[in-house]
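Enquirer: Letter by letter, the chains look like this.
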Amino acid sequence: MFSRDRWLEIFDTIKKNKLRTFLSGFTVALGILIFVVLFGFGNGLDNTFDKYFKDDALNTMWINTGRTSKPYMGYKANRQIEFDNDDLKDISSRFAFYIEGITPRISTSANVGYKLKSNNYSVRGVAPSHQKNEMTIMMKGRYINGLDVENKERNIVIGRLVKEDLFDGEDAIGKFVFGEGRSWKVVGVFQDDGGDNEERIVYVPYTTLQLIQKNTDKLRQIIISYKPELGYGGAVAFEDQIKKYLKKKKFIDPRDPRGIRIRSAAKDLKENDQFKSALSSIILFVGIGTLLAGIIGISNIMVFVVKERTKELGIRKAIGATPRSIIGMILQEAIFITTISGYIGLFIGIGILKLVGNALEEEYYITDPYVDLNTGILATFLLIAFGAFAGYLPAKRAARIKPIEAIRDN
Amino acid sequence: MIQIKDLHKSYKMGSNSLHVLKGINFNVKEGELVAIMGSSGSGKSTLLNILGMLDLLDKGTYDLDGVPIKDLDETKAANYRNKFLGFVFQSFNLINYKTALENVTLPLYYQGVNRKEREAKALEYLDQVGLKEWATHLPSELSGGQKQRVAIARAMITQPKVLLADELTGALDSKTSKEVMALIQEINKSGKTILIVTHEEDIAKMCSRIVRLKDGIIMEDKRNKMVKAI
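Read top to bottom, the protein sequences are chains A and B. According to the working numbering, the stretch in the first sequence is residues 1 to 410, in order. According to the working numbering, the stretch in the second sequence is residues 1 to 230, in order.
Worth flagging that the hints you see were computed from the coordinates, not collected in a lab. Certain hints may be false.
[Claimed, not checked] Think about it this way: if two alpha-carbon atoms lie no more than 25 angstroms apart in a straight line, the pair counts; the simulated PhoX-like pairs of lysine-lysine are:
#1 A:Lys218 / A:Lys249
#2 A:Lys311 / B:Lys76
#3 B:Lys189 / B:Lys214
#4 B:Lys22 / A:Lys402
Fair warning: this is a prediction, and the values are worked out from it, not measured in the lab.
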């Protein structure tokens, strides 16, 4: 194995049989390349999935209002349901045992500007606990706090991209931006793993937003984070209770599916997990399939290579090659070629994934495709092992053929 | 040099058994140049294969230079072939992607001789067969006679006790045949034992002894006044 002479002999054979070398090398390299790229794309899909569904905290419940579809207790159907600030307090006190945090969300959009630059951004009026629900990460400054809400302060927290758009390199904290004809003090800059759109948002105290919007106390959406200890069962029970309570409070027919809708991550999570495991199975299936195709390819080529060399092997035997040295030579050559080309395929594949990067995110939902190097090396190793195995059987047979028969076989 | 006693060999052909060699008794002394003749099916190639340890005997004994050749497994046979025997074939059997020089060095590679020594020695043997200038040429760039001379150099490089040739002129024209036979005679003159399987009378006449086989037994075994090839 480590004899220099053996290696020289093998290099010589490789050098002088370029087509054969190329064919087997190409098969392995291509097999690994396709495996790495497909597997990487699969992982990219998986990443996108995680990103879309893991952006929000999992112990979150969204309560949305809509129009009723049934008349009830003297109220007509098609009535728009709205919450107000008192509902918020009532829910908090009544379900204090379940609730970790509660916040309304008022969504609107506004033109926000600084100096000469301005742009249209989504505006959300929120309470402090919203930060946890959205998993907003503060880069600088602070989030909306209780005092902001209480005093209806015109403080604003801006997304990383908003800051980039308006401020360039300038520090934003403490500066005043204008919006809705007023000036707002920037108290914080945040980032969010939920993607670019999530970073083009500005947050303000919901009370301030209500004040500006004709001084109402109406709310359309409430977000609750319940205590994680509740678990899946507890969360579902809590959801039922709160739904009943709110329907009663707002005079909605208990059988009316509209009016109030509650979406909880607990239910989503279960469905998502199923979807994700299906996705993982597909990725695994594709990976194994590709690898199998590669293994069959290299096996075929090895059988062909040994067949082609039968006469040569016979000659070598006639002049003194032992069966061991014949098998050793074929295997060492095969393993050498597959190893080198396997790693070439591996690195080209990884290179392609790096090159693609996030370019396919928008249209194909492939985010940050990657293959964990260990998987790649394992795949390469498998191809090498099977290539060697596929070479071993015919090599053994060739080594056993009587040289005289091999030589006569013209 | 070679002692064969009561050699039998048969091949299984489906359910039948074909008895090819039916008791051969045959001795060769050192330095002889023996032609083994016979029509096809006479068993001459089988005899050569057994002598060359390319095939196993069923019954009888075979001693080569005092060493009993028996219980051969593949590895042992390969080592004996490498040490004791040189082969020359009708179809030359050079490795087509290796140069003349590399082909000649190959038996030494399997003896574990180092590269420099191998190449020096191979060049020396190529010189002896008159092909030193052709050392770096591939077999496809050589004529038939040249290929056979490369094959002879390859067979000789291990300094075997016996050189076995199977129809070595079969693929050559008569002029080239004579040249190759002249080379064989020259090698024989230096004391090497050589066995040639042939069906050509004039090739046989260039040997010092002619053995005729028919239906698996020796019909005739006589000394011959060696005719000079050239």
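Enquirer: Which of the listed hints are not met by the structure?
Expert: Hint 3 is the one this structure does not satisfy, whereas the remaining hints hold.
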